[in-house]
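For the protein sequence lines, the chains are L and F, in the order given.
Residue numbers are given in this note's numbering: position 223 of the first sequence equals residue 223, and the series is strictly consecutive.
Residue numbers are given in this note's numbering: position 150 of the second sequence equals residue 1150, and the series is strictly consecutive.
Worth flagging that the hints you see were computed from the coordinates, not collected in a lab.
A virtual CB, placed ideally from N, CA and C, is assigned to each residue, including glycine.
Careful: at least some of the hints might be erroneous.
Distance windows between CB atoms, simulated [stated by the list, open to error]:
1. Gly137(L) to Arg1023(F): 44 to 50 Å
2. Gln1171(F) to Glu256(L): 26 to 32 Å
3. Arg1253(F) to Val246(L): 53 to 59 Å
4. Gly19(L) to Val1027(F): 39 to 45 Å
5. Val1027(F) to Asp130(L): 33 to 39 Å
6. Gly137(L) to Ser1170(F): 46 to 52 Å
7. Gly18(L) to Leu1230(F): 42 to 48 Å
8. Phe1016(F) to Asp130(L): 19 to 25 Å
9. Ala1242(F) to Glu34(L): 48 to 54 Å
10. Ala120(L) to Ala1031(F): 37 to 43 Å
11. Ser1198(F) to Gly18(L): 57 to 63 Å
12. Ile1028(F) to Gly18(L): 51 to 57 Å
13. Glu117(L) to Arg1253(F): 46 to 52 Å
14. Phe1035(F) to Asp130(L): 55 to 61 Å
Letter by letter, the chains look like this.
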Amino acid sequence: MTAGPVPILAEGLTKTYGGFTAVDGIDLEVRRGEAFGVLGANGAGKSSTMRMIACVSPVTAGSLRILGRDSATDGAAIRARLGVVPQDDTIDGELTVRENLLIYGRYFGLSWKVLRERSARLLEFARLEDKAGDAVGTLSGGMRRRLTIARALINEPEIVLLDEPTTGLDPQARHLLWERLHRLKQDGVTLLLTTHYMDEAEQLCDRLVVMDAGRIVASGTPAELIARHTSREVLELKFAADERQVMIDKCRGLAERMEELPYRLLLYTDDGEETLAAVNARGVRPRTALIRRSTLEDVFLTLTGRSLVD
Amino acid sequence: MGTSAPAFRELGYWLFRYRRTWRGSIVISVANPLFFLTALGLGLGKLVDRDGALHGESYLRFILPGMLVAAVMQTAFLEAAGPVLQSVRQRGNYRAAAATPLSPEDILYGHLMFWALRAVQNAVLFTGVSVVFGAVDPARAPLLVPIALLVAVAFATPAAAWSVTVTRPSQISAVFRFAVLPLYMFSGTFFPVEQLPSWLRPLAWATPLWHGVDLGRAVALGTATPFRVLVHVGYLTAMAVAGLLVARRNYRRTLHV
Ligand SMILES: Nc1ncnc2c1ncn2[C@@H]1O[C@H](COP(=O)(O)OP(=O)(O)O)[C@@H](O)[C@H]1O
Ligand SMILES: [Mg+2]
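Chain F extracted, bound-state conformation (with noise of 0.2 Å):
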C-alpha cells in the first residue's frame, strides 16, 4: 500500500495526464518569449524606446516581467478553468475522485499543486530565455519565478472557485475574452500605467494583473521598495488565500451535493 497524502494523489491524476502533452507545452512555455523578445526587442523595442517615459530602462528590460506575469496569468486562468469545469462534468474525473477516500479540499488541492508546478516550470523556461537574450538581470532573475508562481495561484484559485460551479464552456470563454484578456492593455503589461489618463488610472491600480506587473518590474529592475513589495504581495496573497476559501466551499457544495 502506497501511502501518500490525498492531495498528492489528485496531483499524480494531472501529472499522469500531463505525460502526455508536456513536450507541447515546453515548446510553448520557450516560444512565447523568444516570440516576444525577438519582435519587441529587434523591432518595436527601437521604436519606442526613444521618448525616456520607460525610467531610462530599454524597452525590452521594462516589457520582460509584464509579459511573464501576463502569461503565468494567463495559463493559470485557461488551465483552473476549462479542465475544473470539464472534470466536474463531461470527463467526470472530479466525481470519480470523490468516490474515493478524497475529499472535496484533497481534490482542490491537488489540482492547485498542478498548477502550481506549471506555473514555475512555465517561469523557469520564461526567465532562462530571456536571461539569454539579456533582457533580464541574471541575479535578479530567479526571483521572478515565486512572483509568477504567487500571481499563478492568486488567478487559479478564484478561478476554480467559479468554474466548479459553471454548467457551459462557452461562459468561461466569455470570461477569458471580457476579462483576462483586457486585463493586458489596462495593467500596465506593455506600457506604465502613467500614461493612462489619470481617472482611469485608479482602475488600473485595482486590477490584481497591475499588482503582478509591478511587483514582478519592480524586482527586475531593481527599483523595489519594501512598501510597493509589501502592498504587492499583500494584496496578491489576499487574492489567493479568499480565491483558495471560496474555491474550498464551492468544491464541496459541487461535489458532496
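If we strip away everything but chain L, and leave its shape as in the complex, we get (with noise of 0.2 Å):
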C-alpha cells in the first residue's frame, strides 16, 4: 500500500441533533488497509457516526477528514470516492438487479460501456449473476445486502462504509457476506463498519472501538481489548428459577468479577477450572456449567454493564 493521506481522521467528532447529543466529541482513525469496526448497542451514535464520515449529516463540532479532505466543504468529493451501505438499504424497486448497478454508477458520471463491464463484475462477486434480470422484489435479505454491497463498489471506493451489514439476516447469508468482505479486505479496500455483533467484530475488525451513548469507552484490537477489560476466562452458571438469588449469593466473592443477566450469572476468572471446583466447595448447585473464553461480548458488558444485543 502506498503511504497516501489517512483515510478517515475525526477529532472531537459531535453530532447533535436539536438539544440531544447522539455523538459526543469522538477520536477516530482509520488506516489504509484496514478493517475497523464500530461496536456498540442500538442508539449508542454509530450510524450517526457512519453519515458524518459519508459526508451526508453535517457535522456539529469537532474535525472529520477523509482522505485528506475536509468533510465540510469537500463533501461531493469524498463521497465519489467511498461506496456506502446504508443501515437501512435504499435498493430502487422499481429497477432490475442490474439496474440498480447501472443507474447507480450514473451517478458518478461513468459511462455506459464501463457500467456494462463493472456490473457484470459486481453481480458475479456478490453471485447474483442468475438474478441479473429481476425485479428486486424477488430477492432474500442476504441478496440485497449483497446487491447493495455490490452497487457501493460500483465506483471501485478506496474506502467502503458498512453500517449493520449483516443485521437481519440468518447465520448462513451472514457467513457468506463475511467471506466477501474478507475478499474486498485482501483487494487493499479499506473497511468501516458498525455492528452490534461481537462475532461480526471478532471476524472481520482488525481494530474496534466500543461505542456506548455517543462515546468510545474503549479502543484496540479484539484481543487487546480482551486482554484489558475482561479476564481470561469465564465460568457461565445457569440455575433453577426458584434457587436462583440464594445460589447467587453463595457465590459472591468467588471471582473477580460477577455479572449477572437474567437467565446467566457470569464469573469472570483466569482459570476457570479453579472457580468452578471453589463454587462446588461452597455446595452451589448449578443446572449446567461452562467454562469458555472472554470475547467481546464480556468486553462490552464489563465497559457499559448491559449486553449487546437486547
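Work from the hints to combine the two standalone chains into their complex.
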C-alpha cells in the first residue's frame, strides 16, 4: 500500500439533533487497508457517526478529514471516492438487479460502457449473476444486502462504509457476506463497519472501538480489548429459577468480577476450572456450568454493564 | 469517465425510469385534450355559447388555454408531490443519490428539469391537438408552451418543497383533493371570473392558477396587454423562485440530516 493521506481521521467529532447529543466528541483514526469496527448497542450513535463520515450529515463540532479532505467543504469529492452501505438499504424497487448497479453508477458520472463491464463483474462478486434481470422484490434479505454492497463498489471506492451489514440475516447469509468482505479486504479496500454482533467484530475487524451513549469507551484490536478489559476465562452458570437468588449470593467473592444476566451468572476468572471447583465447594449446584474464553461480548458487558443485543 | 454536470445525472435517472411509461403518458397527453375538445366543442360549447358573456369567442377557444394550463398544473403537482415523497421514503432513490457526489440541490435541479421537460411535452401535444381542432390560432399556439412551462415550474417547486418533508402519502392526496382540484373551479378555468359573485373575485385573482389561466387565455385570444402579461409572469415567476428557495432549503435539511 502506498502511503497516502489517512483514510479517516476524526477529532472531537460531535453530532447533536436539536438539543440531543448523539455523538459526543469521539476520536477515530482508520488506517489504509484495515477493517475497522464500531461496536455498540442500538442508539449508541453508530449510524450518526457513519452518516457524518459518508458526508451526508453535517458535523456539529470537531474535525473530520477523509482521504485528506475536509468533510465540511469537500463532501462531493469525498463521496466520489466512498462506497456506502447504509443501515436502511436504498435499493430501487422499480429497477431490476442489474439496473440498480447501472443507474447508481451513472450518479458517479461513469459511462455506460464502463458500467456494463463493472456491473457484470460485481454481479459475479455478489453471487447474483442469475438474478441480474430480476425485480429486486424477488431477492432474499441476504441477496439484497449483497446487491447493496455490489452497488457501493461500482465507483471502485477506496473506503467502504458498512452500517450493520448483516443485521437481520440468517447465519448462512451472514457467513457468505463475511466471506465477500474478507475478499474486499484482501483487495486492499479500507473497511469501516458498525455492528452489534461481537462475533462479526471478531471475524472481520483488525481494530475496533466500543461505543456507548455517543462516546468511545474502549479501542484496540479484539485481542487487546479482551486482554485489557476482561479476564481470560468466563464461568457461565445457570440455575433453577426457585433457587437462583440463593445460589447467586453464595457465589459472591469467588471471582474477580461477577455479572448477573437474566438467565445466566457470569464469573470472570483467569482459571475457570479452579473457580468451578470453588463454586462446588460452597455447595452451589448449578443446572449447567460452562467454561469458555472471554469474548468481545464480555468486554462490552464490563464496560457498559449491558449486553449488546437485547 | 462521463463528465455530465451532477444535476443532469439526476435527470438521467428520471428519464431512465420514464422509458417504461412514456408511451402511456403520451397517450394520456393526447387523449386529454381530445376528450375535452370533443365533449365541449361539439356538445356543451354550443349550449353555453348562446349568451355573449365570452367576449364573442367560441367557448372552445375560450376554455382551451385554461384547460391546458390547469392540466399542466395538475401534472406538475402530481409528478412533484408523490414521486418526491417516495424518493425520500420508501423507494429511497433520493437517499441513494445523496450518497454519491450529488448534492441535495443537484437532486432537486435534476428532478425539476424532468418536470419541466414533461410540461413542455404535455403542452406541445395539447396545443398540437388543439390546432388540429381549430381551437387555437396556429400562430399564437407556440406561445402557450413557455407559459405552460412557467406554470409547471411555479407549481412543481412549492409542491416539491413541501413533499420532501411529508411523511404520509395520505397528506398528498388530501392536498390534491382539497387545494389543487378546487383551484379549477375558482380560477376561471371553465368560466370567466367576472361571473363569480363580486366578493369572491379577489380570491380568484389571488390564486396562482388564475394568473396562469388568464395569461394563457389573453395570449391565445390575442387580448394580452403588456401590463397584464407583466403581472401574470411576475406572479408566477415569484412563486417559482420562492418555491425553489424553500425547496433547496428543505431538500438539504431532509437529505443531509
Ligand atoms: N435524525 C435524527 N433526529 C433526532 N434524533 C436522532 C436522529 N438520528 C438519530 N437520532 C438519535 O440519536 C441516537 C443515536 O442514533 P444512531 O446514530 O442511529 O445510533 P445507532 O446507529 O448506534 O443505533 C439515538 O438516540 C437516536 O434516537
Ligand atoms: Mg444504526
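Going down the list of hints, with the structure as the test:
no.	hint	verdict
1	Gly137(L) to Arg1023(F): 44 to 50 Å	violated, 23 Å
2	Gln1171(F) to Glu256(L): 26 to 32 Å	violated, 58 Å
3	Arg1253(F) to Val246(L): 53 to 59 Å	holds, 57 Å
4	Gly19(L) to Val1027(F): 39 to 45 Å	violated, 54 Å
5	Val1027(F) to Asp130(L): 33 to 39 Å	holds, 36 Å
6	Gly137(L) to Ser1170(F): 46 to 52 Å	violated, 24 Å
7	Gly18(L) to Leu1230(F): 42 to 48 Å	holds, 45 Å
8	Phe1016(F) to Asp130(L): 19 to 25 Å	holds, 23 Å
9	Ala1242(F) to Glu34(L): 48 to 54 Å	holds, 49 Å
10	Ala120(L) to Ala1031(F): 37 to 43 Å	holds, 41 Å
11	Ser1198(F) to Gly18(L): 57 to 63 Å	violated, 49 Å
12	Ile1028(F) to Gly18(L): 51 to 57 Å	violated, 45 Å
13	Glu117(L) to Arg1253(F): 46 to 52 Å	violated, 38 Å
14	Phe1035(F) to Asp130(L): 55 to 61 Å	violated, 46 Å
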